[in-house]
Amino acid sequence: MAIQVSDSGASNTSAPKRVDRREALQKLLEGRMSLDTASTNHDALNPFSTIRDRAASEVRSLSLPSTRDEEWRFFDFSPLLEQEFQTVANQDLGVTKTDLESFDLPEARGCTLVFVNGHYASHLSTADELPDGLVVTNLADPNFLAAKPTALSGYFDKQEGLESTFTTLNTASFADAAVIWVSQNVVTAVPIHLLFVTAPSAATPGQKGLAVSPRCLVVAEHNSVITLVEDHVAIGDGTYFTNSVTEVWAEENAQVKHVRLQRDRPDAIHIGKTAVSQAKASHYTCHAISLGAKLSRHNLEVFQGGEETDTTLNGLTVIAEQQLADTHSLIAYNKPYGSSSQVHKCIVDDKAHAIFNGKVNVPQAAQMTNASQLNRNLLLSARGRVDTKPQLEIVADNVKCTHGATVSQLEADEVFYLQSRGIDATQAQDLLVYAFAAEILQQIPVESLRRTLSRRVETLTQSKSNP
Amino acid sequence: MIRDNSDVLLSVSGLTAEVEETPILKGMNLEVKAGEIHAIMGPNGSGKSTFSKVLAGHSDYSVTGGRVEFQGQDLLELEAEERARSGVFLAFQYPLEIPGVSNLDFLRVAYNARRQQQGLEELDAFDFDELVREKLDVVKMDPSFLTRSVNEGFSGGEKKRNEILQMALLEPTLAILDETDSGLDIDALKIVANGVNQLANEDNAIILITHYQRLLDYIVPDYVHVMEKGRIIRTGDKDLAHELEARGYDWVLQDAAETVEV
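Protein chains in written order, with my numbering: chain A, 1 to 467; chain B, 1 to 262.
One chain only, chain A, in its complex shape:
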């Protein structure tokens, strides 16, 4: 098995287009707000100015990656190069709860944090009926840092693999962050809804697109159980660039269920990082659903740091027209008796382009690993494109690792089976496409969301399956 090492960002400094890519990244950095204007409560943000400044100086030595970089081979950077982006100050955009009604999760009522353009919107959030031992707030909340002094020294921006270009750009630009902190032995039944709203039309000055840097920190102390929904949405039209980072810490025997939902507007560019550190015997499950944005990328990186650690990654991408959706995942084993199960599915219509790269890293120390990975792609048009690459890097010799990747159209036999039961061809195709997605959707742990997404996916794929 070949072992690939790639590093992003720094490796392409000798590329001919170096100047452009460097400039493009520096422009994105310049587009960030200074802390003074980023928040009305700048005293509270002072603790982060060091973190932001350090990241900014790192960014100054970096360039945007290019398609010459193996990690970004199929990505299309042109929308990022063609337009300038600007973050905006915390301002009253007149967003009301009514505007956000369609994103409401009844299960998470009383446990919803809303961020608008990267800023915490307290008037839209309700986090007042929390059980003891559960903190759901924004990072700029002074009470939080007083109560959890280790948040910055031990957790925030401390994940492995956070050094990549876009993550560093986020750290240099973030205005505030969502924080979920669940204390040891606390089992929470209610899901926590983190709603990141982008409102481009009202906010963006001139020709520039809006830049937003959502950020989350999730700490699940040992023996705790938590479910969170990280939800990226937008209201109004306009181009915007979301560059999000979520850090999850699952400590010993903790269980974290994480739904990551990207339902951006069609004009959006979305680059997201999910970095997860798992301690011994912890369980982490991610349901990553990508439906929106013209250009999107999800970097999902899980580091197993203890024995008997379990990771489940479910992914669903549904794209059409000219959308490009790229998922790069990594499961890095480090100790014996770890397990992981990954299923990533893509439904690709029109000229859309889906990319999947699934790394599984099993070093010598990780004996008795049990890892499975499956990427299934359904192509609904002759012009759609799928690039898939399972990438298993295995050194340990006593492990069980499986992987598979399929790209297919709807099977004529499947359609016929339904037709032979009186279901017409169009309905049969819709049903089969829906069923393909439902396998992932049905595992989403929040019922109302499961239903909303099922309907959404049904609408997105219905009768588009006709040739």
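Since the hints were made in silico from the structure, they are not lab data.
Keep in mind the model is a prediction, meaning the values are calculated, not measured.
Just so it is clear, CB atoms sit at the ideal spot from N, CA and C, and this is done for glycine as well.
The reader is advised that the hints may include incorrect statements.
Ranges of calculated distance between the beta carbons of each label pair, as one might list FRET restraints [said to hold, decoys possible]:
| id | chain 1 | residue 1 | chain 2 | residue 2 | range |
| --- | --- | --- | --- | --- | --- |
| 1 | A | 365 | B | 20 | 48 to 56 Å |
| 2 | B | 122 | A | 456 | 38 to 46 Å |
| 3 | A | 459 | B | 212 | 29 to 37 Å |
| 4 | B | 2 | A | 459 | 52 to 60 Å |
With a cut-off of at most 25 Å between alpha-carbon atoms, the simulated SDA-like pairs for lysine to any residue come out as follows [what the hints assert, rightly or not]:
| id | chain 1 | residue 1 | chain 2 | residue 2 |
| --- | --- | --- | --- | --- |
| 5 | A | 257 | B | 238 |
| 6 | B | 229 | A | 413 |
| 7 | B | 159 | A | 413 |
| 8 | B | 159 | A | 439 |
| 9 | B | 159 | A | 411 |
| 10 | B | 238 | B | 31 |
Computed, partial: chain A to chain B, Cβ under 8 Å [unchecked claim]:
| id | residue |
| --- | --- |
| 11 | 405 |
| 12 | 409 |
| 13 | 412 |
| 14 | 414 |
| 15 | 422 |
| 16 | 442 |
Position chain B against the provided structure of chain A, taking the given hints into account.
Relative to the frame of chain A, chain B by itself:
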């Protein structure tokens, strides 16, 4: 049951069909009347399964000649789903798995499509649930099968029973059972056969496609046909099946060859 005055349900004459430009059916003739059970046997590759798929309207098979009338209507003009709604049912040799669609929803959609065709009111989820639970008994199926995805993770026997459950719900006029006995152990075979016998009546007809005489011990056919090279070369009663079981196909093929020479 053979009755002289019963209606002709299916009439196939001179049917030829091909798949990917390879001719498979080369002049099929068959008449099936209400109340009858026909068995079609024959060696591998003789065209039995193709015949069943052509009747059901699979788009991979193209009909190149001949006629098929079902209750006086030109069957070949209809789309597969229209045939199903008109009362033609094919029990698959390999029922497909449809992950993500619950068996109950699937059965209800199929059932209501047939009801609509018959000019009957569709059943809502509640009424349908009651009906389907009644029908479960026909194939001794556990209600838990209803909430599972269609055929997903079902054993071979469970899939076949699910096919017969669909038949019980759709109450077809003509049921074609394509090797429904293959891969079944004797207990499952009895359950399936018993289900089919409960559903057979004087107004409908059944075509059994099978390799083995064993099934015909439980579902007794009125006619046994032997297919070879895309045609029926011999027709007899249930004793023909026993003879085939004892002597194999060679003698029938030889007989047929001699007949042609004469």
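To see whether the hints hold, each was checked on the structure:
no., hint, result
1, 365/A x 20/B: 48 to 56 Å, "53 Å, holds"
2, 122/B x 456/A: 38 to 46 Å, "26 Å, violated"
3, 459/A x 212/B: 29 to 37 Å, "48 Å, violated"
4, 2/B x 459/A: 52 to 60 Å, "53 Å, holds"
5, 257/A x 238/B, "61 Å, violated"
6, 229/B x 413/A, "24 Å, holds"
7, 159/B x 413/A, "16 Å, holds"
8, 159/B x 439/A, "20 Å, holds"
9, 159/B x 411/A, "19 Å, holds"
10, 238/B x 31/B, "17 Å, holds"
11, 405, "18 Å, violated"
12, 409, "14 Å, violated"
13, 412, "6 Å, holds"
14, 414, "5 Å, holds"
15, 422, "3 Å, holds"
16, 442, "7 Å, holds"
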